[in-house]
Amino acid sequence: MTVKKFSYREAPTPEGLKKIENGTLDYLDLEVWSNLNTGVLEEYFEEKNRREAFQRSRFVWRKVIIGIALGTIFAVITEYVGLKVGIAISGGWYIMYLLGTALRWHPCEINISAGACTGATYIGTGFIFTFPAMYLLAYSADYAMSGGTHLITHITSKVLVVTLISTILTGMLGVLYFIIFRRVWLVEDPLHIPGWEPNLQLIDISNDLYKAGPESANRAITALKNVGIWASLSGFFTFLRDFPVGGKPILDKIFGGKYYSEGSVYHPYAKYTHLDFYLIPIQFGIGWFMRFRVALLVNLGTFLTWFLIVPLAVKYNVPIYNAPTDTFYSILTLPYPALAAFAKVARPVAIGTILGGGFTGLVKMAPTFKAATQDLVRIGKVPEEERRDYVKGRGWYEWPISHIKVMIALTFVATVILFTIAGFPFSACLLFSFLLVATTFFLGAIAVKVMGETGTEPVSGTSFIVLIMLIGVFLLLRLTPEQTAILSIIGTTVFAGAISMSGDIIWDFKSGLYIGNRPYHLMKGELTGLIPGAVASTLGAIMFSQLLAKNILILPAPQANAFATIVQALVGGGPNVVMIYHFILIGIVIGVIAEFLTGMGTAFGLGMYFPFGLMIPMIIGGALRDIWEKKYLEPKVKAEGWTEKQRTLKVLDTYMIATGLIVGEAIMGTIVAIYFIFA
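For what it's worth, this note's numbering labels the leading residue of the sequence shown as -12, then goes sequentially.
The reader is advised that the hints may include incorrect statements.
Straight-line alpha carbon distances no greater than 27 Å define the calculated DSS-like cross-link-like pairs of lysine-lysine that follow [unchecked claim]:
{"#": "1", "residue 1": "Lys302", "residue 2": "Lys245"}
{"#": "2", "residue 1": "Lys537", "residue 2": "Lys235"}
{"#": "3", "residue 1": "Lys6", "residue 2": "Lys198"}
FYI, nobody ran anything at the bench for these hints, they're computed from the structure.
Construct the entire structure; sequences and hints are all you get.
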């Protein structure tokens, strides 16, 4: 008889095994924490949930709608944050947990509502990282080709509508696909998902407060007030920095001149580099979440750009191509050589680094890919009688697995029809639809398993694979360069949203397993939330992309620029394409080395892409977090004998401040963007 092998199971504790055997282990007991990811615990709760979750799991529409509304708002906020700093970080789920705790909701209700919240937010991932590339190629002077022409001449409303509908359909498909993987990767051989534990800690805290009485909700209410206070302060500062009053922001009127402009404190422009410090609350907040080590690793890329690549480009007088005049210029003849070197040399190198780091990270995970493929084959061979999505006489425990086939067919047919109506060739639409459904399944499964092992879903890395694959296919079909560019960018946008949904639902499923939620309810909340979230994401992306491309709203948008550069190089051509290839190749080598040395090649590349002053606040935020923990938190924990739960609550208090800094600037930044649209 063959002994079954597991990749991720941990050894259970004797006490935990005893309680499991006796059937006395309850949700969120102390022994649960000691037996996470043992497989034995997960199988125990899976069976317990099939008996008890029909009474315990609660889907309350008015509470779920609150989560969806919050997530829809954060969909636009997160877009702004992602375009500003290259990271799609959202504080919505923190606020949802706190709100539910303050209102004394049952932990199962909080988990379902928080899942609906994040579903509404993260369906827009593709609209943050990929979609703006289409507008950059159509309207940005930075992507003008010979004679001032653009690769994309016009973006029609039909294209925008089919992108929205396709995102909703494939997002649903991405969620439904995870029905297949849930029992294998969360119950039978549970993925650890590094960084997930705070979710369960928050649920545990809310459970204690729920059972303790109304007075215990005061802490959650106080935390929500802290978010509001810091968001207000951050938003007010952003108003002073960015909102034009009489033609200029207030801070520019007061401090503008030789050392300050548009939120940046800087020294007078130098020849070989340019050092500044940007006043940006978002980066302080993100740095606090990252801590010093991770923030420093990201900033190493920034230091490489400004202290090596830019000075070398100026020293060796690298020629700079100007597309509107179709002419190469000597970099030393330009007014600000360091800034020109950053825009025309360092950023293409950074894009190559993002590519090199992303692909190397995927190659390093080849064993995971192999295991994921084996799991897919094994899942496909499960006999019908062993499937357990329905409990006789009680209802659906899981979402019906048969709906996957229906959704595949619906997505395939609808995508073909929609894109044909939008004016693309039928044969291309047919192949496009097939590739979209297939890559969402196979690459999505791989990306989710990678996230389960590392805590990070490689959305950018897998999206680059999809982009290059689509470009190759459409060029072989002899589509026009414009059609190839538009279809490839839309396909990658839709793909990124779909796999983000698979990555999002795994967090909800994992938490729900330990607290008695029905997967059916979690799926229902996620599927409902992504629809308004997709609408908000599309509208927000159109607004931000137009302002970004026309240089009205200054946002770095590193991933979108990376996608635009790759598409232009592979599809558009031009006199400078060979030079761009060389810069990208240099960057790929740097990315490979950075990935092997730090394990964060993509983040290193993102750091290379940003202005110096935008990144320094992140280091300061991370350093302040480490100093606070070392000098204040840990001594207090030891002196007063705090429990782990008390320590966690204190750290979560600081998270609310960091979340407030991020949310406040993002909300005011969105208001400024809306003002510019109407102005």
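Verification of the hints:
In summary, the hint linking lysine 302 to lysine 245 is supported, as the alpha carbons are separated by about 25 Å, within the 27 Å threshold. Taking the CA atoms of lysine 537 and lysine 235, the gap is near 19 Å; set against the 27 Å cutoff, the hint holds. Between the alpha carbons of lysine 6 and lysine 198 the distance comes to roughly 23 Å, so the proposed pair stays at or under 27 Å and holds.
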